[in-house]
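There are 2 protein chains.
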Amino acid sequence: MSSKRFERHNIAKLAGYVPGEQPFDAPVTKLNTNESPYPTSPKVQDAIANFAIEGLRRYPQPTADRFRATAASVHQVARENVIATRGGDELLRLLLTTFVDPGACVGMTDPTYSLYPILTAIQDALVTSIPLEADWSLPHDFSSVITAHQCQLTFIVNPHAPSGRLIDQETLRMLASEIDGILVIDEAYVDFVSDEAHDLTQLAVNSDNIVLLRTLSKGYGLAGLRVGYGIGPEHLIEPMLHKTRDSYNLDAISQQLAEVALADQAYAKSVWERVRLSRTDLCRDLQALGLQVFASESNFLLATVPPECPLSAKALYEGLKARHILVRYFSHDRLQDKLRITVGTDQENAHLRHHLAALMQSGSVSTPT
Amino acid sequence: MSSKRFERHNIAKLAGYVPGEQPFDAPVTKLNTNESPYPTSPKVQDAIANFAIEGLRRYPQPTADRFRATAASVHQVARENVIATRGGDELLRLLLTTFVDPGACVGMTDPTYSLYPILTAIQDALVTSIPLEADWSLPHDFSSVITAHQCQLTFIVNPHAPSGRLIDQETLRMLASEIDGILVIDEAYVDFVSDEAHDLTQLAVNSDNIVLLRTLSKGYGLAGLRVGYGIGPEHLIEPMLHKTRDSYNLDAISQQLAEVALADQAYAKSVWERVRLSRTDLCRDLQALGLQVFASESNFLLATVPPECPLSAKALYEGLKARHILVRYFSHDRLQDKLRITVGTDQENAHLRHHLAALMQSGSVSTPT
Chain A
179 MSSKRFERHN IAKLAGYVPG EQPFDAPVTK LNTNESPYPT SPKVQDAIAN
229 FAIEGLRRYP QPTADRFRAT AASVHQVARE NVIATRGGDE LLRLLLTTFV
279 DPGACVGMTD PTYSLYPILT AIQDALVTSI PLEADWSLPH DFSSVITAHQ
329 CQLTFIVNPH APSGRLIDQE TLRMLASEID GILVIDEAYV DFVSDEAHDL
379 TQLAVNSDNI VLLRTLSKGY GLAGLRVGYG IGPEHLIEPM LHKTRDSYNL
429 DAISQQLAEV ALADQAYAKS VWERVRLSRT DLCRDLQALG LQVFASESNF
479 LLATVPPECP LSAKALYEGL KARHILVRYF SHDRLQDKLR ITVGTDQENA
529 HLRHHLAALM QSGSVSTPT
Chain B
179 MSSKRFERHN IAKLAGYVPG EQPFDAPVTK LNTNESPYPT SPKVQDAIAN
229 FAIEGLRRYP QPTADRFRAT AASVHQVARE NVIATRGGDE LLRLLLTTFV
279 DPGACVGMTD PTYSLYPILT AIQDALVTSI PLEADWSLPH DFSSVITAHQ
329 CQLTFIVNPH APSGRLIDQE TLRMLASEID GILVIDEAYV DFVSDEAHDL
379 TQLAVNSDNI VLLRTLSKGY GLAGLRVGYG IGPEHLIEPM LHKTRDSYNL
429 DAISQQLAEV ALADQAYAKS VWERVRLSRT DLCRDLQALG LQVFASESNF
479 LLATVPPECP LSAKALYEGL KARHILVRYF SHDRLQDKLR ITVGTDQENA
529 HLRHHLAALM QSGSVSTPT
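Heads up: the sequence lines are chains A and B, in that order.
Using my numbering, the first residue of the first sequence is number 179, and each one after it goes up by one.
Using my numbering, the first residue of the second sequence is number 179, and each one after it goes up by one.
It is worth saying that the hints were derived from the structure and are not from the lab.
All residues carry an ideal CB built from backbone N, CA and C; glycine is no exception.
Some hints could be false.
As the list claims (entries may be wrong) - Derived contacts from chain B toward chain A, CB cut-off under 8 angstroms, selection only:
#, residue
1, F184
2, S214
3, G265
4, E268
5, T275
6, F277
7, P289
8, L293
9, L403
10, R404
11, L414
12, P417
13, S432
14, Y445
15, L455
As the list claims (entries may be wrong) - Chain B side only, calculated, beta carbon under 10 angstroms to chain A, not exhaustive:
#, residue
16, R183
17, N188
18, A190
19, A193
20, Q200
21, E213
22, P215
23, S219
24, I231
25, V278
26, N387
27, E451
28, R454
29, S456
30, S490
Excised from the complex, chain A in its bound form (with noise of 0.2 angstroms):
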């Protein structure tokens, strides 16, 4: 073992990502990490079921061109306002790596996806965190502290995480036009959202200073798949397409079961549609049990967990674990008292709300005999 340290001052002291709970052994009801409950496409099997090894010898076709032109398809946008990435969490790497100097400031909110901090502190770029108003909309200030700061990009998860809350069309396109760096609009949970008429894609591209995320882990039950892309005007798509990216980002097969999955919308649909009535279904479930929840745009739902519960959300969470039920709890202080559950299937659901109010009815944590 070296006595030298040789990992940078910035990494030495930073604290990795902790991905939520993903047990591979024992069957659980997994509630915990926003994945869908429905499978991928049928077409996305038969598109394995048909591919041949002959196509793993040669480099990958290097920008996903076939992908990207069918997603700029699906948005009514040009293939060179998309990039493709090996999930999300790859393009908020690369804007990172392309458009922020160390030292300089990154925006995003409090609280928000807590992979944001952590790829800022390994740009070596200081984060500028503004808190979230009660309700979890944005504080009238935002835009002015932003500026203040001088942050070079601004992350804005929405629908948010760990709330569900859509911020509108109106608010962002004024948000982006107030400050002066990026403004990246995670939009990792947008196929949930009620209203169709919600769609920033326009915006974004005919924009100076807006890239907007999308992925296939949720929506499009793919989250073991890690394609996720990028949608914005051609001078930020550009640099990150063809400078920062790693060579080869996505193999062969990735690019062709996402490609197929994309242009499957009439499946999707029908999916976010289902999860949708899950998600009404779930919420007055919960609330019929007592627990306060936030209206969800997302596929997900916060709960808080009253005063007046003889468990506190820690314990439910804990109880729920040891019933192989999972769902998210953030030692966060403003997330204390409450649990972020994924909608699942209807049977999933009910047997979550089952165990709930047993937990809750009999005031103890410990495991039924």
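Dock chain B against the given chain A, drawing on the hints supplied.
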């Protein structure tokens, strides 16, 4: 289009990496990017056929632990000594991100793998480039120059690209002990080394400052899958594995197929042996045509076109391309009279030899009618 520039200064002035030509339309004899002439293990096809889309609904195992365990077993090291990456390129980037400060120096030979200086520029670090001797060996003062520039990291590709020359184990051990920074030995082509006793894995894992790069792109016929890995002491592997790596850098399919391919060592070794035999034959054939060929321990040959040849190396490259045969030509000052030719199947090699002979004889690059 924006009048404002958002790109960082180092990115704005950067010319991105240009991969070797990858035609996806017309059939070509492709001897330009050192891919395997043979498909990967047939067991990989079985694994594809048995892959169910249900497995894609969930996030993949974040650190590719099964693949890492298989690699550790193959190399007789611990799993903690291995990181799995999206091709070797991702490992190169992670090494720079984790261990090299902006403004610091990164050592490399000249010529070398052309991606190194580009990734170094993205990290906003400085290139310390040290010319190789005429026979492609390291100059005697290599380590003292590296030390004088306080290089935090040094890249050596071994066997060397584009010459195919192998540096022996003792020279590398000495070099690592003489320098203060990290020595990255890029073993992308090590599977094709004739001497089976050449093995640096124990040296690396017991060192303070050596990381080996391995890839499945060449030796395992899986360039399209984008899987590589690093081997080194735990204090160098750990921060890349748990801090700077994208949270889920390898998808579920890639992890499984890579594990199957790597585990089938018998098949892989049979391919390497076939390539070595073809390399000997191709070398002899090229020499018979009057080319000078450097002895290669890799899956490619560097051939010098002598001054008396009526066509230059560049003209031969273009003439072959007109005949749908791709080899690699570099406009680098020391390589302008050379072609880098990937060893293909015996049929592909014979096809190349035939057309090369015809071109050299005719003295004209015009396509045959």
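Okay, the hints, checked on the actual structure:
{"no.": "1", "hint": "F184", "verdict": "5 angstroms, holds"}
{"no.": "2", "hint": "S214", "verdict": "6 angstroms, holds"}
{"no.": "3", "hint": "G265", "verdict": "6 angstroms, holds"}
{"no.": "4", "hint": "E268", "verdict": "6 angstroms, holds"}
{"no.": "5", "hint": "T275", "verdict": "7 angstroms, holds"}
{"no.": "6", "hint": "F277", "verdict": "5 angstroms, holds"}
{"no.": "7", "hint": "P289", "verdict": "18 angstroms, violated"}
{"no.": "8", "hint": "L293", "verdict": "7 angstroms, holds"}
{"no.": "9", "hint": "L403", "verdict": "5 angstroms, holds"}
{"no.": "10", "hint": "R404", "verdict": "4 angstroms, holds"}
{"no.": "11", "hint": "L414", "verdict": "6 angstroms, holds"}
{"no.": "12", "hint": "P417", "verdict": "5 angstroms, holds"}
{"no.": "13", "hint": "S432", "verdict": "6 angstroms, holds"}
{"no.": "14", "hint": "Y445", "verdict": "12 angstroms, violated"}
{"no.": "15", "hint": "L455", "verdict": "19 angstroms, violated"}
{"no.": "16", "hint": "R183", "verdict": "8 angstroms, holds"}
{"no.": "17", "hint": "N188", "verdict": "9 angstroms, holds"}
{"no.": "18", "hint": "A190", "verdict": "8 angstroms, holds"}
{"no.": "19", "hint": "A193", "verdict": "8 angstroms, holds"}
{"no.": "20", "hint": "Q200", "verdict": "6 angstroms, holds"}
{"no.": "21", "hint": "E213", "verdict": "6 angstroms, holds"}
{"no.": "22", "hint": "P215", "verdict": "8 angstroms, holds"}
{"no.": "23", "hint": "S219", "verdict": "8 angstroms, holds"}
{"no.": "24", "hint": "I231", "verdict": "5 angstroms, holds"}
{"no.": "25", "hint": "V278", "verdict": "7 angstroms, holds"}
{"no.": "26", "hint": "N387", "verdict": "7 angstroms, holds"}
{"no.": "27", "hint": "E451", "verdict": "18 angstroms, violated"}
{"no.": "28", "hint": "R454", "verdict": "18 angstroms, violated"}
{"no.": "29", "hint": "S456", "verdict": "16 angstroms, violated"}
{"no.": "30", "hint": "S490", "verdict": "27 angstroms, violated"}
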